[in-house]
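A.B. asks: Residues per chain are reported as follows:
Number of protein chains: 2
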Amino acid sequence: MSSPEARQISFIKRPEGPVGADSFEIISTAVPEPATGQVVIRNRYLSLDPYMRSALNNADNLGRPIEGRVVGQVMASRHPDFRDGDWVFAMGRWEQVSLVDGAAARHVNTNIAPASAYLSVLGFTGLTAWSGLRHYGALREGETLFVSAASGAVGSVAGQIGKIKGLRVAGCAGTDAKVAWLLDELGFDAAFNHRTTPDLTAAVARACPDGIDIDFENVGGMVFDAVFRNMRYGGRIVVCGAISQYEREPRPCVPNISDFINKRLNMRGFSVRDHAAEIKDYIEEASGWLRDGKLKYRETIVTGIENAPAAFARLFSGENFGKLVIDVA
Amino acid sequence: MSSPEARQISFIKRPEGPVGADSFEIISTAVPEPATGQVVIRNRYLSLDPYMRSALNNADNLGRPIEGRVVGQVMASRHPDFRDGDWVFAMGRWEQVSLVDGAAARHVNTNIAPASAYLSVLGFTGLTAWSGLRHYGALREGETLFVSAASGAVGSVAGQIGKIKGLRVAGCAGTDAKVAWLLDELGFDAAFNHRTTPDLTAAVARACPDGIDIDFENVGGMVFDAVFRNMRYGGRIVVCGAISQYEREPRPCVPNISDFINKRLNMRGFSVRDHAAEIKDYIEEASGWLRDGKLKYRETIVTGIENAPAAFARLFSGENFGKLVIDVA
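Chains A and B, in that order, give the protein sequences.
Yeah, the first sequence ends on 354 if you go by the numbering used here, and it's all consecutive.
Yeah, the second sequence ends on 354 if you go by the numbering used here, and it's all consecutive.
Calculated from the structure, these hints are not laboratory results.
Be aware that a few hints might be false.
Since the list gives no way to pick one copy over another, a pair counts as held whenever it fits inside one copy or between any two copies.
Simulated pairs of lysine-lysine, DSSO-like, Cα-Cα distance not exceeding 30 Å [said to hold, decoys possible]:
1) Lys288 - Lys190
2) Lys321 - Lys188
3) Lys188 - Lys319
4) Lys38 - Lys288
5) Lys305 - Lys38
6) Lys321 - Lys305
7) Lys305 - Lys288
8) Lys190 - Lys38
9) Lys319 - Lys38
10) Lys188 - Lys38
Using the sequences plus the hints, can you model the full thing?
C.D. replies: Below you can see the structure in the form of structure tokens.
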């Protein structure tokens, strides 16, 4: 009798320019057995995120699936905290079954929110927005927060946290439907489509008539350039991502160094990896906001692990709308 | 009998491009009488500093002398803290006699150092280096500090503070003589001439083989670009000045926004104006370093207020070496 098998998406070729399906292949591997302290998870959902793009520039990652966060049910456990059937969150890979250290896995409560939410609004994308603003944003009521890629999984949480904290919130997104969602559903005070706006600097100025106190930056490139020109005295630039730069050479973004002095600007890059230990605090606070209707979210769930490569490419073309999650079951 | 007169350098024309003598004219005005609370100072020394360049872009400043810090002796006082002959420091103007509020003047102790030192190593240029590193540099022993315009009035103090605090210190300057002074007199670990180095990025890398933990930035432009590429994980960029950008349009400096994330960089602009209240603490600490021979300084004292415009222009051409002070007496 052959052992049970599970499918994986192996990374086989570094992309030159935009990532395409030819960088991946589907393979089948034997379902692993856990060693002491390990847990085998039958993944239900796999998170696909822009940050993964950098892993595709690293030849060391060739020949196996890229790492990715997963939510699923324990199918075999040799760790005392986990039993078969438990819903868990872990760093797995682009695969149907993941073998992980129990110490690095975490139970999720599917009574609070659907399991997929632990990869979106209650997951690391939500934590990214929350921890970035908390540690580096110094939000003050009445100030103006600007969020680029504001309809994205991270940006949409950042903007809503700004509203919850009493700030004026403006942002940009890449389609009119996304802009409408920001204004009509999420309560942004202003928003515009950065792909169809001829003068980005003027568009940011219209959206933020008093200037920007906090920029939560997800895009980089020319969008950032326009934002930078609208920063206020004492402004904080929290650099979370630079999606416009991931698939090409970085463009000159012309931050006038003298502006840093004249406006006392602070610019800080961060990664949610430095704040992973805060996930429980975040889930506790965000669960309350969800319950009270203060925090809304949108997911795009793509069924079938074989569709992960094409779905991943849509993160960079701007076609994706809402947190991208693969239903691998 | 005509009232006594004193000379001033009036700002009469905004410069287009590099500043020249035609932006100024020498005039004579009556020596003022102090009102209640005021003090009249017979200036001995006037500080000329790069930051003044921005005042020349402002038409509101036309028709009178530019503001500048002075050290001199009280010649008339209607403030209880000051008597005739007292040596004081104040914000005056490009003039032989200044009328100031006594509350904004401060005694200086010419037993500790010559009066001119209160415009250089014990003045606001020293305070700039000290407060910038203290508040925004987070210096740690064994780290690497890079200082651009390192032989300048601010940079030379910044570099020496780095050495006093146990850091490796590297820097660049614009002449071989300045580089030699950094290495032979100030104890820099590495230094190079940025005007004669063909590959700035490689030169910074040679000077800082482990990368840069703290950049004390005074130059901007292509020097900053090279420094930025050599920043280490967790690096702090303290933006003090951008002298390369004061007389022309800012150049694109291409800071790759992704580097802010990957290296968790922090970049902060500051002004010594926010730290003026710390001057007493600075003078106390720096006086000790001077006494112990740990802090060296160099002044270029130009005699005659009529020579201020030409001397000021030399700040931007790179010809000046050491803190530029005008002896106006």
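A.B. asks: Now, for every hint given, state plainly whether the structure supports it.
C.D. replies: Now the hints, each set against the structure:
1. Lys288 - Lys190: both (24 Å within a copy, 29 Å between copies)
2. Lys321 - Lys188: Close inside one copy (12 Å), not across copies (53 Å); limit 30 Å.
3. Lys188 - Lys319: within (9 Å within a copy, 52 Å between copies)
4. Lys38 - Lys288: between (45 Å within a copy, 26 Å between copies)
5. Lys305 - Lys38: neither (37 Å within a copy, 62 Å between copies)
6. Lys321 - Lys305: within (19 Å within a copy, 53 Å between copies)
7. Lys305 - Lys288: between (36 Å within a copy, 26 Å between copies)
8. Lys190 - Lys38: Neither, since 45 Å and 49 Å both go past 30 Å.
9. Lys319 - Lys38: neither (43 Å within a copy, 57 Å between copies)
10. Lys188 - Lys38: neither (43 Å within a copy, 48 Å between copies)
Going through the hint list in order, the structure does not satisfy hints 5, 8, 9, 10.
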